[in-house]
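Visitor: With the hints as your guide, set chain U onto chain C.
These protein sequences, in sequence, are chains C and U.
Residue numbering for the first sequence follows full-length UniProt numbering, beginning at 1 and increasing consecutively.
Residue numbering for the second sequence follows full-length UniProt numbering, beginning at 1 and increasing consecutively.
These are calculated hints, taken from the structure and not from any lab test.
All residues carry an ideal CB built from backbone N, CA and C; glycine is no exception.
Hints should not be assumed to be uniformly reliable.
Said to hold, decoys possible - For each label pair, taking beta carbons as the anchor points, the in silico distance ranges come out as: (1) U/Val-443 - C/Asp-59: 53 to 63 Å; (2) U/Arg-388 - C/Leu-22: 52 to 62 Å; (3) C/Trp-62 - U/Asp-270: 51 to 61 Å; (4) C/Leu-22 - U/Val-404: 49 to 59 Å; (5) U/Arg-225 - C/Ala-31: 51 to 61 Å; (6) U/Asn-50 - C/Tyr-110: 34 to 44 Å; (7) C/Tyr-110 - U/Asn-147: 31 to 41 Å; (8) C/Leu-22 - U/Glu-226: 34 to 44 Å; (9) C/Arg-134 - U/Gln-213: 26 to 36 Å.
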Amino acid sequence: MSTPATTPVSGPAARGVTPVDLHSARSVLGAHASRIQRTGRTLPFSDERHLQASQWLVDEAWLLDAQAYEEWLELLTDDIHYLMPVRVTTALGAGYDTSPGMAHFDEDKYSLSRRVARFLTEHAWTEDPPSRLRHHLSNVRTFATDDPDHLVVDSATLLFRNRGDVREGSFVSAGREDLLRRTDEGWKLARRTIMVDDAVMRMQNLAIFL
Amino acid sequence: MSDQSAVLNDVRRGMIPAHIYNDQELFELEKERVFGRAWVFVAHESEIPNAGDYVVRRVLEDSFIIARDEKGVVRAHFNMCLHRGMQVCRAEMGNASHFRCPYHGWSYRNDGRIVGLPFHQEAYGGEAGFKRKGQRLLPAPNLASYNGLIFISMDPDAQPLEEFLGDFRFYLDYYTRQSPSGIELRGPQRWRIKANWKIGAENFAGDMYHTPQTHTSVVEIGLFREPKAEKRKDGCTYWAGSGGGTTYKLPPGSLDERFRYVGYPQEMVDRMKQMLSEDQLKVVGDDGFMISAASIYPNLSLVHNWPKVADTDQVLPFISIRQWQPISADETEVLSWFAVDAEAPEEFKALSYKAYLMCFGSTGMFEQDDVENWVSLTNTAAGSMARRLLLNSRMGLLEDGTEVVPALGPDQFHGPGVAHTGYAEYNQRELLTRWADHIEQPVKAASTLEVGGAEQVSVSQAGAARPAVPEPADQDRADQARADRLGAQA
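The shape of chain C in the complex, shown without the other chains (with noise of 0.2 Å):
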């Protein structure tokens, strides 16, 4: 069966808005990221490689709902950006929605690795009692690029996260674009830029990863 005519590009932004593929390279930590990008249309859904995608994400939100974060750590490049940039409210037309030079996370393997290992001392009292944590996956779409070892993946994810008995639960909804990278390990992430949906976070701190 051909691709319906209507089947969109690329064009991950609205207009005015910086295209989210943009946003690694503009970013003030994002020097060392890679900058492969998407080409074409959506991959077919039956196509082997976003069958393969779409596995790495779910396995990858269940480790993330499980706080398996050692291991969630082994499936990130070295050389990986993680970018969660702060959204901001702009009149229409005004040619960006992020808060220039802000962002909530802009990390490397380093700081992530950091956050991980404090996760895993005995003192990180805002995870002690843990978050009951839901991350909802939908939405995914994914692209080749000019390397046959790398895939572009759009999702969309809505993070449930509860803590202690009678707080009220909070949201963070978000949609992402990853570069995956095809190692020896099989798919590893070298890239993901996590645009929020808010613009004041609606949680009382990220000790959380998107």
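Guide: Using the frame of chain C, we list chain U on its own:
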């Protein structure tokens, strides 16, 4: 409203009724009497460097457009259309020469003056019905800045900002005046926490005692050069003017070595030596103290710390400015900015930013554990049992008021105010004593403005619309005279 004098007297002697951290009646009083008169931080001039740049910031529920007008004057106007009260600007930041209300199309220059009033003649009969000339968005009652930090006071008769800050300016300079260009701010990250706003302000003002317990994990993962968080007790806390803070004790060395010890490159040290006063330099070079966290009453805090940002022994200092914006008795919006000297080398700026992200802000590893505690405290303070408990906030004092450790003498600490080494709650008491003094004093009823009405009789209202930082040019004085009339009692 019930009589709060018993609560306030307990607070003044350092015995804190636990319910003050989650009390609806006190929150209503705070809105009126603390935030109705204190100088409240809204922005830094570096956030709006060019003509037309603006940010929209709140003081409690009141939204203000903080804009740099076409002449470069910084202005703050209440973000409400003079016609039907619609929010004029609905973005958080941007650049605009005019703001147009989406409801009926009234429009305003970025200096607040009204320029567009559709069908003025047909609908109002022109000036005879509605005096458009000289009308502008309602200016903030009082506006001033120090080292580029812009503050609003809702009290037109507030004491001048510099007087309000008082001797705390001595300490504020370390964070905001490291070179002639001052700091530049990025952010803020914003998030809401189910915690009372006073807890963060108290913590940053002087709580060195929580560091070894709350922040054990960041020491364990090797983020800091010091192997033990207990080192904090070797530092001192100080209170001066409207603020106070904490310091770390530095290892022996010269002034230059001590600045370099926390990660400043020599070129930044050289500029600081030019900018800071002899006494400011002596606090570091002679006394061996480096400023760390601090708070300015009521709800502005500062951080200066120096973690490792890579797997080496090198540390990098960062500065953060943050505000505890009250939402309700049990909820606070945190606004957390990264600040860095504008003349710092680009590589330093990037790594300092990395240090900030790792330690503070929405994802910071220090902050994560702090907020968990504060949310829990606020939640526990809501019930009737909390009204039976007076928390002892007298650390550093014997029962008879004698200090456990005497204050540092002038040859041990060259800064103004009073400083003590070791763990103590002097600063938390200072902060809450100011709070109690304000809670006790009713505020005067605010003046009102009759939009488009008959020419106002000009009443001298010194602060009513004191416009701008820096001083306005002559043309603006004329505008200002009109604005003053607008601000006068109807």
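Visitor: Each hint: holds or not?
Guide: Each hint, compared with the structure:
Range check, U/Val-443 to C/Asp-59: about 59 Å between beta-carbon atoms, so the 53 to 63 Å window is met. At about 58 Å, the CB distance of U/Arg-388 to C/Leu-22 agrees with the hint of 52 to 62 Å. For C/Trp-62 and U/Asp-270, the hinted distance range of 51 to 61 Å is satisfied, since their beta carbons lie about 54 Å from each other. The beta-carbon spacing between C/Leu-22 and U/Val-404, approximately 57 Å, falls within the hinted interval of 49 to 59 Å.
Take U/Arg-225 and C/Ala-31: their Cβ atoms lie about 26 Å apart, and the range 51 to 61 Å is violated. In this structure the supplied range 34 to 44 Å holds for U/Asn-50 paired with C/Tyr-110, their Cβ-Cβ distance being about 36 Å. Between C/Tyr-110 and U/Asn-147 the beta carbon distance is about 33 Å. The supplied range of 31 to 41 Å therefore holds. Checked against the hint of 34 to 44 Å, the pair C/Leu-22 and U/Glu-226 passes, with Cβ atoms roughly 40 Å apart.
Under the hint 26 to 36 Å, the C-beta atoms of C/Arg-134 and U/Gln-213, about 31 Å apart, fit the expected range.
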